[in-house]
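Chemist: Sequence:
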Amino acid sequence: MSDDARVTVERFETPEALAERAADLFAEAAAEACAARGRFRVALAGGRTPTHLHQLLGTPPWVDLVPWASTDLFFGDERCVHECSPERNDLVAREALFAVVDLPPENVHRIDTYRRDGAEAYEGVVRERFGAGPGEIPAFDLVFLGIGSDGHTASLFPGRPEVDEEERLVVKVVGAPQQPPDRITMTLPLLNRARLVVFLATGEKKAAVVARTVGGDRALPAARVAPAEGRLVWLLDAAAASGIGAPR
293 MSDDARVTVE RFETPEALAE RAADLFAEAA AEACAARGRF RVALAGGRTP
343 THLHQLLGTP PWVDLVPWAS TDLFFGDERC VHECSPERND LVAREALFAV
393 VDLPPENVHR IDTYRRDGAE AYEGVVRERF GAGPGEIPAF DLVFLGIGSD
443 GHTASLFPGR PEVDEEERLV VKVVGAPQQP PDRITMTLPL LNRARLVVFL
493 ATGEKKAAVV ARTVGGDRAL PAARVAPAEG RLVWLLDAAA ASGIGAPR
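Residues in the sequence shown are numbered from 293 upward in steps of one, following our numbering.
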């Protein structure tokens, strides 16, 4: 595991306790961002792991701690499926979070996967909301990420060219090794500009890949997430943390 003081690993006995800590980090980052810059900009993770986090954010005390009117929500990646498909990341988030908090609809930035230039369009949305010009890389206040059993994160898969992208902030993925094969994803230059990146991982099936990633195996895209000027936090339940040994 890295000795970098900006990288921390936190372990929890249950996924529920992990989700509460994630909600705390969300609220803390929101307060800090709004105090410093007037807005909070966060990218959400996909899949089912963050669902409990999203549900908690709609309940006290967290729902009252987040300045929702000043919050912009983005998605780290999206699957190119029908907009009503349960596989869409934004549908999961909408049902668990957007439908229950006082969040202006214009503050939710979905990825339009129907557009032929969907990746370019979403990069444009990111740049516009941050006021970032060509060549500038915006800094998210918070990015949540998950990790697949193959070490992928967002829709950056091992051995794929998207992992090595250095210029584009958002790219189209065609022929991913998991279903659905077509996706749109943020790239490492954008993810690594964030002020805080939080990985969420639960379950014994994630233990081996978490151990490899935390250990720095750069063959895995998740291990290449390393915010240049920010912090990286791993939130793991006991099962997912079982492969990395006892805390030091």
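Please note that the accuracy of each hint is not assured.
Stated by the list, open to error - Calculated lysine to aspartate or glutamate pairs in the EDC-like style (CA-CA distance at most 16 Å, straight line):
no.: 1; residue 1: Lys464; residue 2: Asp474
no.: 2; residue 1: Lys464; residue 2: Glu412
no.: 3; residue 1: Lys464; residue 2: Glu398
no.: 4; residue 1: Lys497; residue 2: Glu412
Bear in mind the hints are in silico, worked out from the structure with no lab data behind them.
Chemist: Output the indices of the hints that this structure fails to meet, ascending.
Modeler: The structure conflicts with hints 3, 4, although it agrees with all the remaining ones.
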